[in-house]
Amino acid sequence: MVYLTRKIEFSASHLYHNAALSAEENQRIFGKCNNPHGHGHNYTLEVTVAGEPDPVTGMVLDLKELKEILEREITQRMDHRFLNYEVAELKGQIPTCENIVRAIWNLLEPKIKQGRLHKVRLYETADLFAECYRNEAK
Amino acid sequence: MSGETKIELGRRYRFSASHRLHSPQMSEEENCRVYGKCNNPYGHGHNYVVEVSVSGQVDPATGMIVNLADLDGFVEREVIEAFDHKSLNEDVEAFRERVPTTEYVCMEIYERLKPFPLAKLERVRVEETSNNAFEYAGEEFQDH
Chain A
0 MVYLTRKIEF SASHLYHNAA LSAEENQRIF GKCNNPHGHG HNYTLEVTVA
50 GEPDPVTGMV LDLKELKEIL EREITQRMDH RFLNYEVAEL KGQIPTCENI
100 VRAIWNLLEP KIKQGRLHKV RLYETADLFA ECYRNEAK
Chain B
0 MSGETKIELG RRYRFSASHR LHSPQMSEEE NCRVYGKCNN PYGHGHNYVV
50 EVSVSGQVDP ATGMIVNLAD LDGFVEREVI EAFDHKSLNE DVEAFRERVP
100 TTEYVCMEIY ERLKPFPLAK LERVRVEETS NNAFEYAGEE FQDH
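Chains A and B, in that order, give the protein sequences. Okay, so the first sequence: first residue is 0 according to numbering that gives the first Met the number 0, each after it adds one. Okay, so the second sequence: first residue is 0 according to numbering that gives the first Met the number 0, each after it adds one.
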């Protein structure tokens with residue numbers, strides 16, 4: 000098995016607010032991230048696909064195709080967007096790194112036809128990231 | 000597909016510390032041969048990076064596996080306060096007997112963070128320099 004990773008970046012804004020909680024609770028739990036006008040990050044996404052290289056092309060999957068999938072599914076959807084209001088897949092969820100990475104997994108998993116999606120890692124900053132992968136070890 | 004997936008949260012922390020690699024089980028010559036510059040009797044230092052990965056259920060109310068403030072506070076108390084701007088050999092009990100190689104530093108940090116009550120510790124990665132990194136996930140290491 001070979002693991003191939005492609006990286007993309009996108010920039011987006013978000014805020015953390017749960018309408019079911021009081022203003023004080025929101026502030027206590029989410030702190031600065033609760034600022035009502037939102038704030039933004041440069042996100043870095045690493046997408047890892049696992050597979051055997053095709054004997055004819057030597058490729059696990061065509062990188063051009065992966066690039067197009069990422070452009071269509073992620074960049075067009077999330078880049079320069081306000082994640083709370085403009086991304087349907089995050090509707091009703093707090094757009095934390097954990098929830099965004101799961102939404103990204105769910106978007107990409109059915110689109111990867113050669114090899115299979117192994118892991119996605121989303122960096123919100125250089126020091127904070129979330130990962131989503133298939134839970135087959137358990 | 001989300002039922003089949005697992006989510007981890009990773010966070011990077013930093014501390015600066017000095018150490019000296021010297022094993023009482025070896026002669027002076029052997030120490031010098033094995034550890035080279037790292038055996039310099041006065042020690043030397045690094046800017047360490049500690050990457051902590053935890054897993055757990057994402058709480059629908061917060062969207063979080065764990066509140067970062069709680070994880071940060073725990074790591075700060077258990078690791079950073081004990082290690083930052085210290086001599087690992089002299090100031091950290093675990094390294095009075097054990098050579099503070101980054102392998103052992105990584106394992107010691109893992110043991111200190113293992114009791115974190117709010118999420119499951121998956122693994123600890125310690126970068127001694129940008130070219131040397133070590134990972135430990137306990138005895139039941141699972142590649143992913």
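No lab work stands behind these hints: they were computed from the structure. Be a bit skeptical, because a hint or two may be false.
[Unchecked claim] To be clear about the criterion: a stretch of chain A counts as covered by chain B if any three or more of its residues have a C-beta under 8 Å from a C-beta of chain B, and this derived list gives those stretches:
1) 14 to 23
2) 42 to 56
3) 98 to 104
[Said to hold, decoys possible] Pairs of lysine-lysine residues, derived as DSS-like cross-links and limited to a Cα-Cα distance of at most 27 Å, are as follows:
4) A/Lys118 with B/Lys85
5) B/Lys85 with A/Lys110
6) B/Lys85 with B/Lys113
Where is the CB? At the ideal position from N, CA and C, for every residue including glycine.
When the hints from earlier in the document are held up against this structure, which numbers fail?
-> 2, 4 and 5
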